[in-house]
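We have chain A already, so just place chain B on it with the hints.
There are 2 protein chains.
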Amino acid sequence: MDTNLKLRIVVDAMGGDFAPANEVAGAIEALRASGNAFEVILVGRESAIAEQLRTRPHEGLPISVVNADEVITMEDSPTAALKQKKNSSLAVGMNLHKEAKGDAFVSAGNTGAVLSAATLILGRIKGVSRPTIGAFFPSEKGVCLLLDAGTNVDCRPQHLFEFAVMGSIYAKRIIKYENPAVGLLNVGEEETKGNEISKETFKLLKNSSLNFLGNVEGRDILKGTAQVVVCDGFVGNILLKFGESVPSFLKSKLLSYAGGNVFRKGLLGMVRGALKTALKDMDYEEHGGVPVLGVNGVTIIGHGKSTPKAIKNMILKAAEVAKAGINRHIEQTLAQITTQQAHSKDEISVAHP
Amino acid sequence: MDTNLKLRIVVDAMGGDFAPANEVAGAIEALRASGNAFEVILVGRESAIAEQLRTRPHEGLPISVVNADEVITMEDSPTAALKQKKNSSLAVGMNLHKEAKGDAFVSAGNTGAVLSAATLILGRIKGVSRPTIGAFFPSEKGVCLLLDAGTNVDCRPQHLFEFAVMGSIYAKRIIKYENPAVGLLNVGEEETKGNEISKETFKLLKNSSLNFLGNVEGRDILKGTAQVVVCDGFVGNILLKFGESVPSFLKSKLLSYAGGNVFRKGLLGMVRGALKTALKDMDYEEHGGVPVLGVNGVTIIGHGKSTPKAIKNMILKAAEVAKAGINRHIEQTLAQITTQQAHSKDEISVAHP
Numbered sequence: 007m008d009t010n011l012k013l014r015i016v017v018d019a020m021g022g023d024f025a026p027a028n029e030v031a032g033a034i035e036a037l038r039a040s041g042n043a044f045e046v047i048l049v050g051r052e053s054a055i056a057e058q059l060r061t062r063p064h065e066g067l068p069i070s071v072v073n074a075d076e077v078i079t080m081e082d083s084p085t086a087a088l089k090q091k092k093n094s095s096l097a098v099g100m101n102l103h104k105e106a107k108g109d110a111f112v113s114a115g116n117t118g119a120v121l122s123a124a125t126l127i128l129g130r131i132k133g134v135s136r137p138t139i140g141a142f143f144p145s146e147k148g149v150c151l152l153l154d155a156g157t158n159v160d161c162r163p164q165h166l167f168e169f170a171v172m173g174s175i176y177a178k179r180i181i182k183y184e185n186p187a188v189g190l191l192n193v194g195e196e197e198t199k200g201n202e203i204s205k206e207t208f209k210l211l212k213n214s215s216l217n218f219l220g221n222v223e224g225r226d227i228l229k230g231t232a233q234v235v236v237c238d239g240f241v242g243n244i245l246l247k248f249g250e251s252v253p254s255f256l257k258s259k260l261l262s263y264a265g266g267n268v269f270r271k272g273l274l275g276m277v278r279g280a281l282k283t284a285l286k287d288m289d290y291e292e293h294g295g296v297p298v299l300g301v302n303g304v305t306i307i308g309h310g311k312s313t314p315k316a317i318k319n320m321i322l323k324a325a326e327v328a329k330a331g332i333n334r335h336i337e338q339t340l341a342q343i344t345t346q347q348a349h350s351k352d353e354i355s356v357a358h359p
Numbered sequence: 007m008d009t010n011l012k013l014r015i016v017v018d019a020m021g022g023d024f025a026p027a028n029e030v031a032g033a034i035e036a037l038r039a040s041g042n043a044f045e046v047i048l049v050g051r052e053s054a055i056a057e058q059l060r061t062r063p064h065e066g067l068p069i070s071v072v073n074a075d076e077v078i079t080m081e082d083s084p085t086a087a088l089k090q091k092k093n094s095s096l097a098v099g100m101n102l103h104k105e106a107k108g109d110a111f112v113s114a115g116n117t118g119a120v121l122s123a124a125t126l127i128l129g130r131i132k133g134v135s136r137p138t139i140g141a142f143f144p145s146e147k148g149v150c151l152l153l154d155a156g157t158n159v160d161c162r163p164q165h166l167f168e169f170a171v172m173g174s175i176y177a178k179r180i181i182k183y184e185n186p187a188v189g190l191l192n193v194g195e196e197e198t199k200g201n202e203i204s205k206e207t208f209k210l211l212k213n214s215s216l217n218f219l220g221n222v223e224g225r226d227i228l229k230g231t232a233q234v235v236v237c238d239g240f241v242g243n244i245l246l247k248f249g250e251s252v253p254s255f256l257k258s259k260l261l262s263y264a265g266g267n268v269f270r271k272g273l274l275g276m277v278r279g280a281l282k283t284a285l286k287d288m289d290y291e292e293h294g295g296v297p298v299l300g301v302n303g304v305t306i307i308g309h310g311k312s313t314p315k316a317i318k319n320m321i322l323k324a325a326e327v328a329k330a331g332i333n334r335h336i337e338q339t340l341a342q343i344t345t346q347q348a349h350s351k352d353e354i355s356v357a358h359p
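Going down the list, the sequences are from chains A and B. As numbered in my numbering, residues 7 to 359 make up the first sequence, in order. As numbered in my numbering, residues 7 to 359 make up the second sequence, in order.
Same shape as in the complex, but just chain A (with noise of 0.2 angstroms):
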């Protein structure tokens, strides 16, 4: 194979909060797993990362190095770090995507820096009013994915159509759902329900030719009742973070359950094993983080405490993302709507994604 067609995934080696240990490790695992089919470049303090990497065999291993040396931390502003912080690894390594060096960027770090950093140095795609980050809720039939989950809280019916439209060719091309069903979080069931943003969106979702199931209620995520959910970033922001503390709150609630009770002691043990074997998919560090849908590039994003599992999965992501070319389907798919709202005012129809 000619090394100079492998992908290279540009690695924010200072993005976590155990950086650069967890991104130096996730990378070599993320190679080791896929058999180098790809590259890694690892930007950050060049001292901090070759001292993580003197620490951790790695011969053989496609893996450069691209000093920045500036960090942003998850307490900066994510605009103002990055127009003070021209040298930090997140602009150094969006830079780098941008230019052609990378074919896909990963971070761990400051989820707003790196969003700002993905949509002013990348730029939006054409036909895409706003980049959209998403979220993985488990569910009873698989994985879901629920967006905006909080990059957008004031939304217009527009934005959640794009929404839906971006979180299709997703699912469809990275899930490998043949035939996403899309949901419009809502109240109720009926097309009438809901506020007036969610009534206009209906609208618009109702006349694509997008798999749309309708209205589907907060109950319905966890069913898996559809594949992709939409709803804006405040509501989407809130019932992630909510999700989130489920599995701490049933720990407690079970301790406290347990008390002094030996018995019951023991069989907490097993439970905490079986919930944990049945909500692996609830694990964010399977799911290899959260893609920026909507710019020019290949980012995705994780979360902050990321362990080397995760930041591997992350890279491994990023390559799968960057293989199957979404952003062109995103786009051929906007511009269809756009040449079709332009020759039909009453009805917008989408060629199925």
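Any given hint might turn out to be false.
[Stated by the list, open to error] Label pairs and their in silico Cβ distance ranges:
#	chain 1	residue 1	chain 2	residue 2	range
1	A	39	B	282	39 to 45 angstroms
2	B	278	A	344	51 to 57 angstroms
3	A	311	B	261	27 to 33 angstroms
Calculated directly from the structure, the hints in this document are not laboratory data. Quantities reported herein were computed from a predicted structural model and do not represent experimental measurements. Note that CB positions come from ideal geometry on N, CA and C, so glycine has one too.
For chain B alone, coordinates are given in the frame of chain A:
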């Protein structure tokens, strides 16, 4: 004790999915549990109620029956049903309460119809723009009252502010939290976070003398950060239904985890027992329904599937709320705010409820 001074609880005997059986059984249980501390007026089809009473010993219990021939079903449109079925158990019962022939009204019927009836027949408390229904969430530190839970999907900041006032008063007077902390549900803790409506609401709450904690996030609900959580009915309803779906999702995941494994199946039985005990707070049967806040009267709405135990708890709750006279507190607190708003446009200071 002079029985003339006893509270009279009006029960919609035709409301729930298992009416009138569960309503009659629940009324009898409530009277026995309280030692006949109040009277119960069952409203509905006399013959159907009589049939239920015949099979259930109730000698010496202060139960009376008021006939109402029509029944509003779960499928009925709330406002249309109220107009068309003037002789429904809901309309007749609510009017008894309105005419002071009863001190509180309880129904496990069509939630939208009960809410409409409460608003239209009883009217709003002076100073209240929109009546609201809350929901009880379990938390690591006891029950959390979230409102609005679905009544008002489009809200202005003033509405959310009033929900906070009403929720505070309910949490103090009925749930017995000494100084209930109020949180505004949002996508981040900082004052500048959120959509336009939440930013405006933050200012109103900050300048009040409610025990306002600031913004709380989705994860704070189950943590028990605040005793009262305020949001619009769109977010509240989606969150409530999502939360309600967690137990059956866990059950499904645990079942597939157990599979055909005999040991795991045995374990599963124990796990479900543990979860059930641990999640008792989540059980709507225990809460005794949710109150309609902001109307001139006491209305408790229960789940359509209400068991006799749930109905019993709703009736006991109705008696408690009627005794506490919280509407007077709501009116006084809101009147105080209006006066103070007239004096100062910059600062809204309310006496602690």
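Going through the hints against the structure:
1. Checked against the hint of 39 to 45 angstroms, the C-beta distance between residue 39(A) and residue 282(B) comes to roughly 41 angstroms, which is consistent with it.
2. Look at residue 278(B) against residue 344(A): about 52 angstroms separates their beta carbons, and that is inside 51 to 57 angstroms.
3. For residue 311(A) and residue 261(B), the hinted distance range of 27 to 33 angstroms is satisfied, since their beta carbons lie about 30 angstroms from each other.
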